[in-house]
Every structure is written in C-alpha cells, then in structure tokens.
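Trainee: Residues per chain are reported as follows:
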Amino acid sequence: MEDRKSIMDRIAETSKVATTGVDEKDIEHWVTIYIMGKAYKVPAALTIMQAMEYAGYRFIRSCGCRAGFCGACATVYRKEGDYKLHAVLACQTRVEDGMYLVQIPFAPAEKATYDINSERCDISTVLKYYPELARCVSCNTCTKACPQDLQVMDYIQAALRGDLATAANESFDCVQCGLCAIRCPAEIVHYHVSQLIRRLYGKYQLPEEQNLKKRIEEIESGKYEEEFKKVMSLSREELEKLYVEQQKTREVY
Amino acid sequence: MAELKLIGGYPEYMRESIKLVEKTRPKRVGKLPPQMTMEEREEILNLCHPDYAPGGKRPISIGPNKGDIAPNEVVDLLEAYPLIEPDEIDLNHVDYDVDILIIGGGLAGTSAALLANDSGIPVNRILLATKLRHGDSNSIMAQGGTQAADRPEDSPVIHYIDTMGGGHFANKPDVVKALVEDAPKVIKWLCDLGAMFDRDKNGNFVELSGGGASRKRMHACRDYTGMEELRVLRDEFRNRGIPVLEYYPAIELLTDGDNRVTGAILVNLETDEYKIVRAKAVILATGGFGRLHIRGFPTTNHYGATADGLVLAYRAGAKLRDTDTVQYHPTGAVYPQQIVGLLLTEKLRTAGAQPVNKYGEAFVFPLEPRDVEAAAIIRECYIRDNGIVTPTGLRGVWLDTPLIEIVQGKGYIEKSFPAMVRMFKRFGIDITKDPVLVFPTLHYQNGGVETDPWGRTNVEGLWVAGEVSGGVHGKNRLMGNSTLDCMVFGRRAGMSAAEYVKSYKGDGRLTLDHVKRYIKMLQDAGIKPDRRSPILLPDYRGKRVLARMIDIF
Ligand SMILES: Cc1cc2nc3c(=O)[nH]c(=O)nc-3n(C[C@H](O)[C@H](O)[C@H](O)COP(=O)(O)OP(=O)(O)OC[C@H]3O[C@@H](n4cnc5c(N)ncnc54)[C@H](O)[C@@H]3O)c2cc1C
Ligand code: FES
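Sequences listed follow chains A and B, in order.
At position 167 of the first sequence the residue is numbered 166 (numbering that gives the first Met the number 0), and the sequence of numbers has no breaks.
At position 379 of the second sequence the residue is numbered 378 (numbering that gives the first Met the number 0), and the sequence of numbers has no breaks.
The shape of chain B in the complex, shown without the other chains (with noise of 0.2 Å):
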C-alpha cells in the first residue's frame, strides 16, 4: 500500500473536518461556550479524567507515606530495590567536598546555585550535578509563560485565590503566600539579568490570562519562555564560574546515620564510574516524572524527567504529598506522529484558538483549569465519539489556531509563536491556515516532597526546588505557576542553605545507613529484588533489537 497522500499536511478525511471547522469559524468568534460550575467541574472529572478512573493507582506499602496512594509506576520506583550495593561502596574516598550541592540543572537548581552564592557562598564552595546537560530540562521546554500578579487590576492576594482553588484547596497555604509575594520580585530579577519578555509598545509587558487566572498574569517571550529564563540565568551562573557536572546524576544521598542529609553518589553516564560528594547542605532539583509515562500516556516533558528525586528523598526518609493527582495538559499533539505527546502551548488558547470537535462545533469553555478541560476533551472523543481518529489510531479534537488572528491580527501567530509554527511547518501544516490535532497529554508532577516556604524538607539537611517538591500546587497546578514556583523556591532554597550552612554544626560523616534500613523494609514487606531505582532514563529501544541483544561488554 502507498503511503497516505497528504494535502497541506492533513490526509483527505481529515481534511473534510477541517472543511466543517472552516465553516462555523465565523460564528465563533467572541462566543465562548459558558464556564463550567464547580459541580460541574466534579462531574466531568469523575466521568473522564485519568486520575478519577479506577485503576492506575496503588497505597505505597512502605516508608514516611505508607498507605497514601500513588500512580503505580510511581509506587514501582519507591518499592524498588537500590541500584548500588551499601556495602560495595567506597565511601572513605571524597571527591568534592564543598558547602552546597545542588542536584538538577534546571530552572530552579540555576536558581538555587545564583542565590547560594549571592547569599554569601564562594562559587568553589558549590557544586552543581545534573545528570543530561545544563539546561536540558523540563524549564528549557516551558512556552506558555509566567504568571506574577503585577498589573494594577491584579494583586497577590487574587493570585493566592486562583492558585488555591485551581489546586482545588488542596495547597499548603503558607508556602503558596511565598510563591505569590515573590512572583513579581523574580520577573525583575530575570529583567535586570537581561531577559527580554514580552513588551508592548510603550514598554509594559505583555500579559495574557491563562486557564482558571481570573486576571492577565502570564509573562512571555514569545513561545520560548523557558528558553529565554533558563539560558539567562545559566549564561549568569557561567560567568561566575560556579562548578558544573553534566551526565552526572546522582544516585543515591549520604546521610551522617543520623537522619541529616551529608551528600550524595554521582555516577558519569559514559564510565560508570562513582564520585562521592560530601556537602553540608544538599538541594535537590531533579524536577518532574512524565517519562514514566503514567497510565500509558505520552508526555510533554524532556528525556530525563524520571522522577529520581523523589525515590532519593523518600529513601532519605523526606516525607511526600499529593501523590494521588497527575497532570495531564489538555492539548497534547496527536498528529502527525512523528510529535505525538508533545505540548502545544496553552498560549494557544489564552490568544484566541479553541477546541472544537469533528464537526467544528465548540464544546467546551476553552480555558477551564487543566484538569478540567483534559476532561472534557476526553469525553468528547470517547464518550461522545466526536473526535478525529488519526491513520495510527490515537483520537483527538481540533485546536482552531486560525482562529487567533482573526482575535489577534493578521501576523500574531508568526509573531507570538514562533516555536509552534516551526514544530508544525517541519512536518508540513500551517497553523496559520488549519487548525492542529489535540489530545491530553502527561504534563506535571503536581504532587512530590513536601516542603516549608524555605524549600526546607523534614530531613535535615535537605532541600527541594522546582517540580520534585509537592504542596504548592495542591491537586492541580495553574499555567505559568511552575516556572515561577521554581525560580521562587529555587531561590529561596538557595539562601535558606546558605544560612544554614554558616552555622553548621555537622561533623559530615558519610553513610549509607539510610538505604540498609529502607533495603530492610522491601524485604520485610517481601518485595521482590527484580526492581531497581532510580532510573535515570527511559528506554525506547526497538523491540527486535532488544530481543536479539547479546552482552558482550
């Protein structure tokens, strides 16, 4: 059989729903279908999203968070056997000894590392590991924006009350106040290092809503806003010179026997060989999990998004929360395949372009929270059976880009996304001209450690930062709070360390008592030794190749 012909990207089928959303365009200009109640916000949840349907989950059986449920491949990771053996490693050999190490290289662990330094620590003193490049991350990804509530309509206080009941009441209330306070602090932090956001033609930023922000809030660079905040803040933290490990992920932590965090086991990804940190202070930033690809889903998020620091702290003894709650972005490209999974920013949608199904008409409000219009999108396509199924059988529903010039003007698209059109031009569509094929897809950890508003952990000696750490979310993360949650608690966590390490008063014994008691567990819970963690990377090798592999080395 010959391939598919294509017309303009789309094949012919496709293109015929296409013609009905060309059609009732028009009409829908300035008509939005009607905001849902909190009723019906429950409703549809129950009946469509993910985390609501039964299985999926399990209770963790062991350890600080026994009995709180979790995505199973999560609870796999936690109930899981370590990659090293305690006894095999040599721990009498240090190899950096410093003040600081800040694991993950991120937005919110560059973000750490400027702020211990500013805070008084010497840049040899530091130490930062990470286990791709710096920089290949989830934050380098993020496109949509950053919310701080800075315009005069706006305030803190109405900040607070989005994210708390975007996060349906769920989020610790006092670190949520710090996330808020410092938002607009950290916009001119990143202006003042040369960060070019947005502006319009009298120099005032740009600022768009975004699902469930009831005021404009959201700080962009185009569609590149990650990129932008990110190679800012590394450029920064190259110039001062401070101490980088790339492909060097950690392991494992150190703790003094004592339940204080004192270091942690880094391996190089190309040798295999160990290195031994000893560090007063440890801030993990390892970010998020989508690439264990819960309940089956593709992700948005980048090659090492493993979820290794959550089963380092919980080793360590770190207290978890929100678990139980995943996010799912409720536009995930479905076609063509070569993108599946991948984000089409919720920009998208905040400038004008809505969901619409087979028969172009407009089912949902187009900017409900995440959770919520995830939910609704899936309902269209399974339950009401009024999504496009693609040649490979994933459905979806269409995302009606063109509609956003006919809001914003002829130009905004090529203007204001830049990365979306490139993504789509590459495989032959014209987001300008057609509108784009949408399913949910696995976006955010909402849930993970649980910290203060000082990014302190319940073990001492540990700090989190960034999508690793779990509260300030609640059960459902807003657009643009999560850039900002890193760079907030990046920062945070990179003065609290640095106050912390000034009166240290550890004699940084080195042990890995910690990972014999948690081995003792799983094998008083009679978990099997055929699981290991962390994993550090997915694995997409070919199925035929793996099959017939040989070990050779």
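So that you can see chain A by itself, here it is in the shape it has in the complex (with noise of 0.2 Å):
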C-alpha cells in the first residue's frame, strides 16, 4: 500500500492543470484564438479564462467567482467567416480555433433606488422606476445575447403584462453580467429591472412562513434556554454520546 504523504503527493502532482497553470510540454492539442485582435496559440483543453491566463494576461477585472455565478467574465467573440456575434462567460466556455474575442468587465447601466417597505407589487412600480420598459419591441436580442440561455425578452414581456410571478421564476437563474443591456436597442437594464421583480414578488407574492414565524416567537420567549442550559454544561463524553444518539435518528430524504 501507498503511504500516505505520496498519495498527497500523486494528488497535487496530477492537480496541477488547476492549482499552478498548463505546462506546455503536456500539450498536444493547440488552437489559435484572437484576444482584442491579436492572436494567440493556446492549448485546445482550455476555457477562454484560462487560456488568456495561459497567454500571459494576469486579471484584475473580468474574473470572479470563476464558475459561472458571478457574471464578471461577459465576453463576445466571432469567429472567422461567421456573421454571428456570440456572448459568453470566459470561465464556463471552451476556447475554439479562429475565435475573435474582448472582455466587457463593466457595463455602465444606472440603477433605480426605492425602498422596497414601501413600494407597490404590481407592474406600475416597475415602470415608475423603469419607464424604458415600455419600449421593448420584442427583437428577442437580449434572449440570445443570454450567456445562461434565459427567455429574457419572454420575462420582460411577463413583467409587461403584469405577471410578476412568471417574471421572477423565469429570471431567477441571472447572474447579472450586463450582456443583454449592453445589446437592447430600446436600452433596456434587464438584470436590474428583474431584481426589482423579484424582490417585489418575494417579499409580497410569497406567503409569510408559518413554521419559521412559530420558531422566531418560540426562540424570543426564551423555550430552549434551559435545555440549552443543560446541553452546554455537559461534559465532551456526555455530549459525544448525545450526538451519536441524535444522528441515529435521522431524517435523510
């Protein structure tokens, strides 16, 4: 059997395609892509992130969460002899051969501000804040500008008749990269109005939780303070066995 410092070892040695960065010597298979026109031989395995890691490019903006949740990586791309311009995360995207490609690390898009204790749940308020709305014409470029694959112009259209509910559901999966605004011709902030949506329909479409109102009330009148007493003034060996009972009895699905 192995010992175990060398299976450590084996790991961080096989790792090292995500902890240090490629080494050439690994790579067979290479591809050329364009980063703001210049062009680059990169190894074919990457995502455009890495790959312009690869190329040199050390980032301070444009990189994030570095999985797909954060939207800071907005990137476009052609590609050679294709009229299609493409939107996508950097991070969540394989490079290909020929791609021409930038980075959008900001999209300047004004933000409403209310107060959201005192605002209606209907569409008026949405409209109050974000006039614009109304000049959708349902070209559906900010659907396919989507990097997360949403019906954007479908939820705006939602919000537009009035069904919060649909709006919110449907939009809920953003991660807010800007994509879609920067492409509206009616110069709609999509992401923005969808949060004002959402927060909207949370906070007044959603039933209030009986079990977790129940539990606030039973916590602030004080009902576990003894057994919190005694669970805290137990020894290690009495509150191990205590565990151990608790995780017999245990709810899995």
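Source of the hints: derived by calculation from the structure; they are not laboratory data.
Every clue listed holds true.
In silico BS3-like cross-links for lysine-lysine, where the CA-CA straight-line distance does not exceed 27 Å:
(1) B/K187 with A/K222
(2) B/K474 with B/K65
(3) A/K247 with B/K26
(4) A/K24 with B/K542
(5) A/K40 with B/K4
(6) A/K202 with B/K187
(7) A/K228 with B/K184
(8) A/K247 with B/K176
(9) B/K187 with A/K228
(10) A/K37 with A/K78
(11) A/K24 with A/K40
(12) A/K24 with B/K4
(13) A/K40 with A/K78
(14) A/K213 with A/K228
(15) A/K229 with A/K247
(16) B/K474 with A/K247
(17) A/K240 with A/K229
(18) B/K30 with B/K414
(19) B/K318 with B/K474
(20) B/K424 with A/K40
(21) B/K18 with B/K30
(22) A/K228 with B/K474
(23) B/K184 with A/K222
(24) B/K318 with B/K515
(25) B/K432 with B/K22
(26) A/K212 with B/K184
(27) A/K4 with B/K65
(28) A/K83 with B/K424
(29) A/K15 with A/K40
(30) B/K474 with A/K4
(31) B/K414 with A/K143
(32) A/K229 with B/K184
(33) A/K240 with B/K176
(34) A/K202 with B/K184
(35) B/K274 with B/K515
(36) B/K432 with B/K409
Each pair of labels, with its calculated beta carbon distance range:
(37) B/K424 with A/S234: 50 to 56 Å
(38) A/T140 with B/G202: 34 to 40 Å
(39) A/K222 with B/D523: 50 to 56 Å
Keep in mind that this is a model prediction, so the values were computed, not measured.
All C-beta atoms, glycine included, are put in the ideal place defined by N, C-alpha and C.
Using the supplied hints, reconstruct the complex from the two chains, each of which is provided in its own coordinate frame.
Mentor: Take a look at the structure:
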C-alpha cells in the first residue's frame, strides 16, 4: 500500500492543470484565438479564461468566481467567416480555433433606488422606476445575448403583462453579467429590472412561512434556554453520546 | 494524435464504466451503505484525509499563535514581509474618515453594513472596500443552502448538537449558540427583503438534509442560494446608498500604536495608488483561502480567496484558532478538464445522488460529515484502486446523479439544479442521464480569527465575520452553516461595532507601529525577506510567458 504522504503528493502532481496553470510540454492539441485582434496559440482544452491566462494575462477585472455564478467574465466573440456575435462567460466556455474575442468588464447601467418596504407589488412600480421597459420591441436580442440561456424577452413581456410571478421565476438564474443590457436596442437594463421584480415578488407574493414565524416567537420567549443550559453544561463525553444518539434518528430524504 | 472521441461528453473507456453504474442503479435505490460509527470515522480520517496525512503543515514560528500548527501555505503568508515599507507611507493625509470600515464584499461584509446602518450609523459614516466587484466572492457561489432549525421536528438545540459533533466538539459553545438561535431570524430577514427561497405547494419552505445534519433544515434557492441571498442584500445596500470602493483591497490595518485598530490602507488595483482610511471600528470580512491551493488541491473558491484577512489581523495582534484543519469538499469536478475543482453541491447527495466506484458499487453513506465523506472517496481511489482515471491522470468516483430523479421524480434535476445542469451541458454532459466524475476539492477555511458571539476579536476596534473567523465550526464545518455564519455574525458585528462607535473614546491616531514590530519579529526569527503578503490574487499565467517576461514600465 502506498504511504499516505505519497498519495497526497500524487494528487498534487496530477492536479497541476488546475492549481499552477498548464505546462506546455503536456499539451498535444492547440488552437489559435485572437484576444482583441492579437493572435495567440493556446492549449485546446482550456476555457477562454484559462487560455487568456496561459497567454500571459493576469486578471484584475473580468474574473470573479471562475465558476459561472458572478457574471464578471462576460465575453463576446465572432468566429472567422461567421456573422454571428456570440455572448458567453469566459470561465464556462472552452476555446475554439479562430475565436475573435473581447471581454466586457463593466456595463454602464443606471440602477434605480427604492424602498422595498413602501412599494406596491405590481407593474406600475416597475414602470415608475424603469419607464424604458415599455420601449421593448420584442426583438429577442436580449435572449440571444444571454449566456445563461434565459428567455429574457419572454420574462420582460410577462412583466409588461403584469405577470410578476413568471418574470421573477424565469429571470431567477440571472448572473447579472450585463450582456442583455448592452445589446438591447431599447436600452432596457433587464438585470436591474428583474432584480426589482424578484424582490417585489419575494416580499409581497410569497406567503409568510408559518413554521419560521412560530420558531422565532419560541426563541424570543426563551423556550430553549433551559435545554441550552443543560446541553452546554455537559462534558465532552456526555455531549458526544447525545450526538451519536441524535445521528441515529436522522432524516435523510 | 487526434483528440479523444467523446460520446455524450465522455470517452469510450468511461462509457464502459458508466454502463456498470447503470446496471447497479435499480438495485441501489433506497439502499444506502450504513453510516459509520465514531470509531470508523476516526479510522478513515487517519487513513486518508489530507489533514491527517504526514507533511503539508508546520508550526507558526512567530506572533500570537506561535507554536500552533497550520498548512505550509498559510504559514508562508504569516511568515512574510508586508507589501509596504512602513516609513514610506504618508499617514497624515486621510482620504476617508468614517465610523465603520468594512473590508470585504461577500455576505458577511454586506450584512455588517446593513446592520450598522440599521443600528443608527448614517450611510456616509460607513465605507465598504472590497478587492474585486461587490459580490465577487465565495458567497455568491454557495449552491446548496442555509441551515435554520424552524420545522416542528427540529430545534435550535438539535442544530447546536449537530454543529458541535460535526466540528469534533472543538467549536466555541457560546458562538455556536448564537449561530443556531439567530438562524431563523436571518431567514426571516432575507424573506422580508424579498429573497425567494424554494417553497412547496402550501407556501412552506422546501427543506433538505445535509451531511452531518440530523434534521432537514437546508433552505435553498434552487442551486443558486448564495447568489440569491447576496444579490438581495446587495440591492438593499445599493438602495440605501452606502459608499463602496471596488477593486480596492486592504493591504494593511492601521493602529493607534496602543493595540487598537483605527483604520486601514487600501490600494487601487488599477493604478496602484494607496488610500488611507481612518475608522473608529473595522470589520474584517475577507473570506477564505481556497486560492492558496493547500496541499496542491484544486479549489471551489473565487479568485480572491487568498487569506488576506488572516494576515492583516495577525499582524495587528489578533489571535487565530483551529488553523490546523482545512475543509475538502467531497465532490469537486475532476472531469472535464475545464472545470477541475469546481463544486458539485452537496445538495445533489441530499436529493439522492450516490457516490459509486468504477464497478458501480456504492461504498459510503452519502451524507457523512464532509471530512469523513472526502476521506472515503480518497480511499476508494488511491487505496482500493476503484476510481476512474481521467485523460489528464486525475482519479475520481462517479456521483450517480440520474438516481435523483428515480427518488424525486422526473424533472426534479432541471428544477432544483439549474446551475449544475448548465455547467455540465456547456461541456457536453447531461447530468440527468449520465453520472459525473468527482474527487475532493479544497473548499473552506475551518479556522480563522477567534471571535466572541458579537464578532469581537482580542484586538480593540477590530471585528471579524464570516469565513475569515474561527471557532464557530470547530474542526469541520457542516453544509449550510457557513452562509448562515456570515449573515449571523456579519449582522452581529455590524450592531456591535455601531454600539462601540457611539461611545468611542479613542483619539484616532494612525500608525503602522504594529507592522514595524512584526517586521522586527520576522527579522529576529531569521526569516528572509523573500516572501511578501497579502498576495491579493493568485497567478495562473503560462510558464513560458513568465519565463520570457521583461519589466518595462
Ligand atoms: C462553491 C461554493 C459553494 C458553497 N456552498 C455553500 C452552501 O451551500 N452553504 C453554505 O452555507 N456555505 C457554502 N459555501 C461557503 C460559503 O459560501 C462561504 O464560506 C461564505 O459565503 C463566505 O462568506 P464571506 O462573506 O465570509 O466571504 P466571501 O463571500 O468570500 O467574501 C469575501 C470578500 O472579501 C473580498 N476580499 C478578500 N480579500 C480582501 C482584501 N484584502 N481587501 C478587501 N476585500 C477583500 C473578497 O474578494 C470577497 O468579495 C460555499 C462556498 C463555495 C466556494
Ligand atoms: S468569473 Fe464568475 S461567472 Fe465567470
């Protein structure tokens, strides 16, 4: 049996692609990408983000979570000989030969400010803060620009029909990268609009959760103080026994 | 050689193994391997957990925790010289003079700012400075959920016991009590601000279990829980007009020369200009250290998770605790190469996915505490040799995701795991049809700066909240307790700092005396000046480019 330290060393050695960057000598397949027009030969197995790093870029902007959750790495590209402009997240897209790309590190966009506690939960509130919403011409450019593949135009239209529930749920997976807003000919800022809609919906249309309400009252009335006192005065051994017993009563699915 | 031919995202040889997984799947439904006893847990941790394997750590040789054990990568940063020369910094010109400075823009920092404001500190007396954009953080990536004991079958005391047991009883009891008691309040706070937690037909929360949690108490927003929590809090923060500086990391704290923190030095990442902030109270909420790649592991963490807060606090005299343990999440991606290390949420296992080996055999109860589950996967791959080897030489086991829909019904995965579906679809894999390959990945900083239940440290004027803190999770954190921790102690730190500010007695003197003393300690210990910290960002540039780089500006 291999000893424990050498197992750890082996894991570290094979993980290098993700920890110290790739080593040229291990690479068999290459592609050429054009970062703002300049050609770079990069390993074919990398994401756009990793490939830019391989090429020598050290990010300050355009790199946040590195996993598709923060929207910092919005990127647009065209392929040689293709008219279509693609919009993607650099951390979640593999490089392809002949990509001409540029990152969009910042989206200039006005965010309305409001007091969520004193707004009405209907479309009039949304239009009050974002009147340009009414300018939507249903061109669907926003949907095509969305790297999350959300039905952006549909949720905007649902909102305009007054259906905030649909708009809230359909926009839910938005990472707020800003690509929709940059492409929109009506200059709508979809991701700020949908943020307002989701907060209105979450606050006013989802019912108050009863268990939660009850539990807070119980805690505030001091219901658990006695029990806490008891448990917190146990020795480590006694507490461990209690823990083992509790784990046996576990709810799984 | 041509690139490997892929079928549904996988090469032929992996397809062979997937067939075995499919074959055993019907037999595995509803049949789980037994949970381990405490003795078995101990045994497997010793055998296979990276924390327990020899090497990788050493004692800290200077400062308040001299003699304590920590990972080499962390000790390297503590035993390093500052980025600045203390005598070259002009402290006479103060750029921002505020009541409360918050450093870090994740859930902890954002919560602290909101509660400071609620507690009577005007918005223009608060400043939040963060390294990347407000929200580029570990918080935004939290997928699985947030724990709160609110169902009738559950109680804060049960939550307390689960948390203590998961942490190997090393947790600080009074801090854990605050965590579990505030939990329902935090969920209510988020709902009142408009957060959309998953609900059932009757409007009740859908709650799931988690590794080491004996009751179902995970509150989720699909698999975008942290994103929803953070964007709601950030929207509220923006509505109130609280000032924020993005791409302005703190590189050193300032003290009054008398062990009281009185501000910080920030630096503009784009122009390198420094700014001096004077503050009556400083709340440090800089998150964790995944990007240090402890023991050479890939990580789930965001780009800025580089332990800066630990370094800054330690130089100012703050005490750390539980620095000897690190959390490896059992299920990080190992294939395809583009996403190595990224997280596959534990919620997949709470919904029914099972880890299985290359023969399609289940080998571990799917919901052990994380350290135990991770060790079992390492054993399967490296000791029993039952793992699948990827084209780049990594090993992993299958996480049988299609099983989820057998347990929960068709359509469940799309509905509950849109982020996971999307991530794999982008690389040609359909997780509703095929399993995914996983191996432990560096996930969480269990220990950190020691606090009391109000986020106070042993240094006056300095609060910490969130992943940078230590004590609440002991030696191992449970799923869903961390987003909770950030909000509970972010809020508490905000309230407590606000109180402190109201009866502030300091004179606001700004010095770097603590840094000078620290440099002296480093020199006395014979530490050479070739390492500097905080490091702020990791460096993944290609080796060839680095070797041929010249410094021209
Ligand atoms: C992929 C993933 C999934 C997770 N899933 C869950 C889950 O399901 N449930 C759960 O409870 N927990 C989960 N966690 C853990 C949890 O999300 C984090 O521990 C927690 O959100 C940390 O919050 P924080 O505010 O302390 O730090 P962060 O959210 O990391 O925020 C820290 C902020 O400080 C900034 N910063 C860093 N250094 C400096 C500096 N020098 N100056 C200024 N700013 C600085 C960072 O850039 C960042 O914005 C997960 C973590 C990850 C990575
Ligand atoms: S870096 Fe966060 S989405 Fe790509």
